[in-house]
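Take the sequence shown: its letter number 15 is residue 15 in the working numbering, and every next letter is one higher.
Hint data in this document are derived by calculation from the structure and do not stem from the laboratory. Hints are not guaranteed to be accurate.
[Claimed, not checked] Capping the alpha-carbon separation at 25 Å, the derived lysine-lysine pairs in BS3-like fashion look like this: (1) 139 <-> 74; (2) 26 <-> 51; (3) 74 <-> 124; (4) 26 <-> 139; (5) 74 <-> 115; (6) 9 <-> 51; (7) 23 <-> 9; (8) 23 <-> 124; (9) 72 <-> 26; (10) 121 <-> 51; (11) 163 <-> 68; (12) 23 <-> 139; (13) 139 <-> 51; (14) 68 <-> 124; (15) 139 <-> 68; (16) 23 <-> 163; (17) 121 <-> 68; (18) 68 <-> 115.
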Amino acid sequence: MQFKKDEIKERIDEAALAVFAEKGYKGARISDIGRRAGVSVGNIYRYYSSKDDIFYANVDEYFIQETKDLLKEKIAAAEGRDSLEESKQDGFWLVNEEVISFMVENRYRLIIVFKKSEGTKYEKAINELVEFILMEVRKSIDKQYADFGTGTPGGFTAGIIYKNLVDMVLDIMEESSDSETVRGCLREVNTYHMFGVTGLLTSKAKQFQN
Numbered sequence: 001m002q003f004k005k006d007e008i009k010e011r012i013d014e015a016a017l018a019v020f021a022e023k024g025y026k027g028a029r030i031s032d033i034g035r036r037a038g039v040s041v042g043n044i045y046r047y048y049s050s051k052d053d054i055f056y057a058n059v060d061e062y063f064i065q066e067t068k069d070l071l072k073e074k075i076a077a078a079e080g081r082d083s084l085e086e087s088k089q090d091g092f093w094l095v096n097e098e099v100i101s102f103m104v105e106n107r108y109r110l111i112i113v114f115k116k117s118e119g120t121k122y123e124k125a126i127n128e129l130v131e132f133i134l135m136e137v138r139k140s141i142d143k144q145y146a147d148f149g150t151g152t153p154g155g156f157t158a159g160i161i162y163k164n165l166v167d168m169v170l171d172i173m174e175e176s177s178d179s180e181t182v183r184g185c186l187r188e189v190n191t192y193h194m195f196g197v198t199g200l201l202t203s204k205a206k207q208f209q210n
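Taking the hints into account, I'd like the entire structure generated from these sequences.
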């Protein structure tokens with residue numbers, strides 16, 4: 001069967017994402033990608049000069065920025081809302097569905113960048129993502145929550161909360177290959193997170209008033 005050159009490259013790229021997500025950058029070999037794609041290693045070298053070349057061509061820095069931009073939009077949508085119910089009424093959950101769709105569509109890339117990137121320039125991407133989320137959350141909440149996400153005890157707690165949230169999302173995407181299962185689990189995590197954070201901030205608001 002004859003394949004066009006762009007079809008072969010597409011198969012290589014799809015296989016590369018699957019292999020990097022499964023084995024990580026350090027554990028992946030070009031021969032693994034070739035087997036998954038059904039092409040010879042020699043054929044891969046017609047398109048890419050090295051494993052690095054394959055990796056960064058398929059997971060570039062623009063993708064990380066796109067992820068941050070979408071999360072920033074999600075967080076900003078909840079700005080100034082005093083309750084979970086108000087956030088829902090103001091379209092916050094609509095934005096969240098957009099984020100979930102993004103995660104499902106980019107499942108392999110997210111796993112690779114934030115969980116399987118040891119040995120690449122993205123090694124610290126997950127820590128940078130958590131810091132980014134905390135920074136955006138601090139911008140979007142009222143002054144009574146000023147220590148949320150800072151070096152105070154409340155800020156330390158916030159760091160753990162959002163690190164665990166990111167880890168949960170990545171674990172779901174790694175363990176569940178079915179898109180609808182991933183989508184359902186992410187919705188559950190979002191509900192759990194929203195109720196938990198809302199309760200925490202409500203408690204802090206009462207302390208501030210007292």
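Here is how each hint holds up against the structure:
Of the pairs offered as hints, the one joining residue 139 and residue 74 holds, with about 13 Å between alpha carbons and a cut-off of 25 Å not exceeded. At roughly 10 Å between alpha-carbon atoms, residue 26 and residue 51 fall within 25 Å of each other, so this suggested pair holds. Under the criterion of a C-alpha separation no larger than 25 Å, the hint pairing residue 74 with residue 124 is consistent with the structure, at around 23 Å. At most 25 Å may separate the alpha-carbon atoms for a hinted pair to count; residue 26 and residue 139 exceed this at roughly 37 Å.
At most 25 Å may separate the alpha-carbon atoms for a hinted pair to count; residue 74 and residue 115 meet this at roughly 22 Å. With a C-alpha separation of about 14 Å, the suggested pair residue 9 and residue 51 falls inside the 25 Å cut-off, and the hint holds. Restraint check for residue 23 and residue 9: the C-alpha separation of about 21 Å stays at or below 25 Å, so the hint holds. Pair hint residue 23 plus residue 124 holds up; C-alpha atoms about 18 Å apart against a cutoff of 25 Å.
Distance check on the hinted pair: residue 72 and residue 26 sit about 31 Å apart at the alpha-carbon level, beyond 25 Å; violated. Taking the CA atoms of residue 121 and residue 51, the gap is near 14 Å; set against the 25 Å cutoff, the hint holds. Note on residue 163 and residue 68: the hinted pairing holds, with a Cα-Cα distance of about 15 Å set against a maximum of 25 Å. Distance restraint check for residue 23 and residue 139: the Cα-Cα separation of roughly 37 Å exceeds the 25 Å cut-off, and the hinted pair is therefore not satisfied.
For a cut-off of 25 Å, the pair hint linking residue 139 to residue 51 is broken: about 40 Å separates their Cα positions. The hinted pair formed by residue 68 and residue 124 meets the criterion: a straight-line CA distance of about 15 Å does not exceed 25 Å. Distance check on the hinted pair: residue 139 and residue 68 sit about 15 Å apart at the alpha-carbon level, within 25 Å; holds. Proposed proximity of residue 23 and residue 163 is supported: the alpha carbons are some 22 Å apart, at most 25 Å.
The hinted pair formed by residue 121 and residue 68 meets the criterion: a straight-line CA distance of about 17 Å does not exceed 25 Å. Annotation: proposed proximity of residue 68 to residue 115 holds, straight-line Cα distance about 16 Å (limit 25 Å).
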